[in-house]
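Two chains, two frames, a set of hints: combine them into the complex.
Order-wise, the sequence lines are chains H and A. 1 is the number of the first residue of the first sequence in my numbering; add one for each residue after it. 1 is the number of the first residue of the second sequence in my numbering; add one for each residue after it.
Keep in mind that the hints were calculated from the coordinates and are not lab data. Heads up, a few of these hints could be off.
In silico BS3-like pairs for lysine-lysine, Cα to Cα no more than 25 Å straight-line [said to hold, decoys possible]:
#, chain 1, residue 1, chain 2, residue 2
1, H, K58, H, K77
2, A, K57, H, K49
3, A, K13, H, K49
4, H, K69, H, K49
5, A, K1, H, K58
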Amino acid sequence: AQSVAQPEDQVNVAEGNPLTVKCTYSVSGNPYLFWYVQYPNRGLQFLLKYITGDNLVKGSYGFEAEFNKSQTSFHLKKPSALVSDSALYFCAVRDRYDYKLSFGAGTTVTVRA
Amino acid sequence: KAGVTQTPRYLIKTRGQQVTLSCSPISGHRSVSWYQQTPGQGLQFLFEYFSETQRNKGNFPGRFSGRQFSNSRSEMNVSTLELGDSALYLCASSPSTGGFTDTQYFGPGTRLTVL
Numbered sequence: 001a002q003s004v005a006q007p008e009d010q011v012n013v014a015e016g017n018p019l020t021v022k023c024t025y026s027v028s029g030n031p032y033l034f035w036y037v038q039y040p041n042r043g044l045q046f047l048l049k050y051i052t053g054d055n056l057v058k059g060s061y062g063f064e065a066e067f068n069k070s071q072t073s074f075h076l077k078k079p080s081a082l083v084s085d086s087a088l089y090f091c092a093v094r095d096r097y098d099y100k101l102s103f104g105a106g107t108t109v110t111v112r113a
Numbered sequence: 001k002a003g004v005t006q007t008p009r010y011l012i013k014t015r016g017q018q019v020t021l022s023c024s025p026i027s028g029h030r031s032v033s034w035y036q037q038t039p040g041q042g043l044q045f046l047f048e049y050f051s052e053t054q055r056n057k058g059n060f061p062g063r064f065s066g067r068q069f070s071n072s073r074s075e076m077n078v079s080t081l082e083l084g085d086s087a088l089y090l091c092a093s094s095p096s097t098g099g100f101t102d103t104q105y106f107g108p109g110t111r112l113t114v115l
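Next up, chain A with everything else stripped away, as it sits in the complex (with noise of 0.2 Å):
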């Protein structure tokens, strides 16, 4: 099976702009997870969407939104980009059972720096 898929993977953009970045999970996954990875903030969660639902949101500001397609697809946005949102934007896909004891396979991200 094809892995989880991110696109773009780079992507440079400057204060103020929006951001759109795409994530197709490994086939057959209906749970999308997303994630910031900054050095000085390690891995943070920011959202996770089942079957299309949001389940569950991290502690980030609404400028962070996400959705999840029928085809499992998802996407998140960042509007009004800051300095601060540079950072690698990861992507993670779990099995359909969507439990807890699911493992997340993560895709390679999408390294996003503002200008």
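Pulled out of the complex, with its shape left as it was, chain H reads as follows (with noise of 0.2 Å):
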């Protein structure tokens, strides 16, 4: 069965600070990994994945996530944080077994000005 882990459910930053939000996985075989951002009363929008290859990936709006596989961790990272970074921020795995996308709990993001 596959899985995802983010520990922490608020994280508090300075605007033009480094963010990271983390998250680790479990799955069978090789991972399909996804970052999505939610904003109040939206749906989920497309930040970055990780097939294969790079270990680190650069996304949408200045995010960036690296994959670790023997910490089975796939962290989410902006060199400098926005106001408007400010969202809920789901990190979702797949395996070749299991369509589905299993998503974490998800993570509070709140930059402050």
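And the structure:
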């Protein structure tokens, strides 16, 4: 069975500081990993995904994520956070045995001016 | 391209009623998945359709059903509504390859409130 854990319910950072949102996963075989962001009363917006290859994945809005197979992690990062990055962030995983996406519980990011 | 559209955006029903939600995928996408989002349970997979066939199903009771039409539009139906069915229902579509590496693109959701 595939699963994702987001150990932090909330992350608070000051604008201009680095932002990190943590994610660890559990799958059988190679993982396919995704990050989504959700703004209030909106659906999920795709940020980036890891399928294979380079462990550092670059995505939308200046976000990137680092895949670490030994630590089974896929942390989302942004070098300089903006107030507009305040939202709910979801990590998701899929393996090749199950087409559905399994999501973490989500991490609320608040960026203060 | 237009994004995934869902109708209606908001819905209020009473216990025991049934409801049908609609989803139009991105043009050219053949896979449609449905998810339920609640504060307590988070995002949970309901089912996925590809080329009019249900390919995957989550762990939900039989009151939850769906279908996909030949134009890839999808509907989900919930019969005999319960208070616990109050949630944001999200539809997501994927490109025509329908493979494991596909990105799912989400619609804005339908907010269902059961009174």
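Here is what the structure says about each hint:
Restraint check for H:K58 and H:K77: the C-alpha separation of about 10 Å stays at or below 25 Å, so the hint holds. Between A:K57 and H:K49 the CA atoms are separated by roughly 23 Å; this keeps the pair inside 25 Å, and the hint holds. Pair hint A:K13 plus H:K49 does not hold up; C-alpha atoms about 37 Å apart against a cutoff of 25 Å. At most 25 Å may separate the alpha-carbon atoms for a hinted pair to count; H:K69 and H:K49 meet this at roughly 15 Å.
For the hint linking A:K1 to H:K58, the alpha-carbon distance of about 23 Å falls within 25 Å, and the restraint holds.
Violated hint for the displayed structure: number 3, the only one.
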